[in-house]
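Colleague: If you want the building blocks of each chain, they are given just below.
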Amino acid sequence: MAEQNWAGTTYGNNWMHKWLIRLLRFIDTRILYLFVAIFIIPVCLILNPSRGIAYRFFRKRMGYGRLKSAWKTYVNHCLFGQVVVDKFAMYAGKKFKVEIEGYENFARLAAKKEGFVQLSAHIGNYEIAGYTLVCENKRINALVYAGEKESVMRNRDKMFADTNISMIAINPDMSHLFEIDKALEEGEIVSMPADRISGSPKFIEHDFLGAKARFPLGPFSVATIRSLDALAINVMKTSLTSYKIYVTPLPYDKTTSRQEQIKQLSGAYVAELEKRVRQYPTQWYNYFEFWNEND
Amino acid sequence: MEQLINDLKLQIKEALNLEELSLEDFDENAPLFGEEGIGLDSIDILEIIVLLEKNYGIRLANPKEGKAIFQSVKTIAEYVQANRKK
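Those protein sequences? They're chains A and B, same order as listed.
Under numbering that gives the first Met the number 0, the first residue of the first sequence carries the number 0, and numbering increases by one thereafter.
Under numbering that gives the first Met the number 0, the first residue of the second sequence carries the number 0, and numbering increases by one thereafter.
If you are wondering where the hints come from, they were derived from the structure by calculation, not from laboratory data.
Errors might be hidden in some of the hints.
Distance ranges between label pairs, derived from CB positions [to be verified]:
| hint | chain 1 | residue 1 | chain 2 | residue 2 | range |
| --- | --- | --- | --- | --- | --- |
| 1 | A | 170 | B | 19 | 24 to 34 Å |
| 2 | A | 46 | B | 27 | 45 to 55 Å |
| 3 | A | 133 | B | 23 | 23 to 33 Å |
| 4 | B | 27 | A | 206 | 52 to 62 Å |
| 5 | A | 201 | B | 29 | 53 to 63 Å |
| 6 | B | 54 | A | 24 | 48 to 58 Å |
It should be emphasised that the depicted structure is a prediction, and the values quoted were computed from it without experimental measurement.
All C-beta atoms, glycine included, are put in the ideal place defined by N, C-alpha and C.
Same shape as in the complex, but just chain B:
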């Protein structure tokens, strides 16, 4: 799980071009959206959706699932671990 969280942090950081955010400061429990957290927005979500598909073979088609999955890097990792196809 630890490794998966680190991989996801790195992949999200690269995909979203979050140069100013170091991996050490990237808290896996921090909310991804809103001012209190990483501060991502709807366009970033789309990037993560495609990232999960490309890297883990996960197709997220149900918008209702999205809100729960994209709360933090940890919730994404939990979902990936349970649903990954590669």
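Just chain A, same shape as in the assembly:
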């Protein structure tokens, strides 16, 4: 099985985060982008194993040549840096231009009595969706890693204080499962990433970008257990100051067996993810061996 080690937390300590937010209240994000691209990313590329992982992604999965892969690896890390800066810029009160494709899909499900599931991935900048795709009549419950830095959680709480968005932290005592189930049973929305295996080791395998990859069974199991509708939400950076949210319905036959439902739903999710990754290859931020090349 491919190694899937990641910290599940934003890089840097609380002091650094506070400092960054203060700084972003006064300076243009583009100045910070430039600083990160010139001084931070080259150091990261030397010290961090993400360099090799990203390079192999561009070589093997996207089929680029050596030079192009090396350049795209640099661009990918710069974009990741920009996304992190943007997250803190939002905490500092900065706004981004956001375009939504497929909002009607979200509105249609939001108008229903039943809850639904939003499946995201570690591409682009999903957090932007939390500030944009809000629902008047349904609470949105976002699944987050319990180990996230206090400064990030505090700022998220502050940002979401006047909205009906709440966080469900993934806990080892399984309490999050009760919260997820309660939320869906009460007709709310549950939002979770579906591209990383976390907690339960159960997985479902799909062809993804030309090779077999393993996806967590949990999110698809949660959606199908109550035969709920599901949407893929991917938020991609389109320029220095703008983002585009793609809201795509993930159809599956709710009358067939659970196994088949999970297979169909996860298949639809993977197909949509592949489409977005091919469209925005430099915004793929899964810095671990996603594909087991030895399989």
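Following the hints, position chain B against chain A.
Modeller: Frame of chain A, contents of chain B only:
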């Protein structure tokens, strides 16, 4: 109680697709989680939560209760017997 335990074993086996586990080998006292027992995990818990709701009208909303209830099929049966609504 015996009947309830057997019903639960059958329902859990079906819901979790535990084809390799025969009802005879499904010990009601065996721990449901971990390598020493049946080897279920957090996703399976969610399936059992929904199963209890659908079949017995039990809503498990308190995570603190969960750990004690889901120790084994027998502890689930005891809880169902005391709290079932259908």
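Colleague: Could you run down the list of hints and mark each one as holding or not?
Modeller: Results for each hint:
Taking 24 to 34 Å as the suggested C-beta distance range, the pair residue 170 of chain A and residue 19 of chain B conforms, at roughly 30 Å. The hinted window of 45 to 55 Å between residue 46 of chain A and residue 27 of chain B holds, with their beta carbons roughly 54 Å apart. Here the CB-CB span from residue 133 of chain A to residue 23 of chain B is close to 53 Å, at odds with the stated 23 to 33 Å. Evaluation of the 52 to 62 Å hint for residue 27 of chain B and residue 206 of chain A yields a failure: the beta carbon distance comes to about 41 Å.
Range check, residue 201 of chain A to residue 29 of chain B: Cβ separation about 20 Å, and the 53 to 63 Å hint is violated. For the pair residue 54 of chain B and residue 24 of chain A, the supplied restraint of 48 to 58 Å holds, since their beta-carbon distance comes to about 55 Å.
In summary, the numbered hints that this structure violates are 3, 4, 5.
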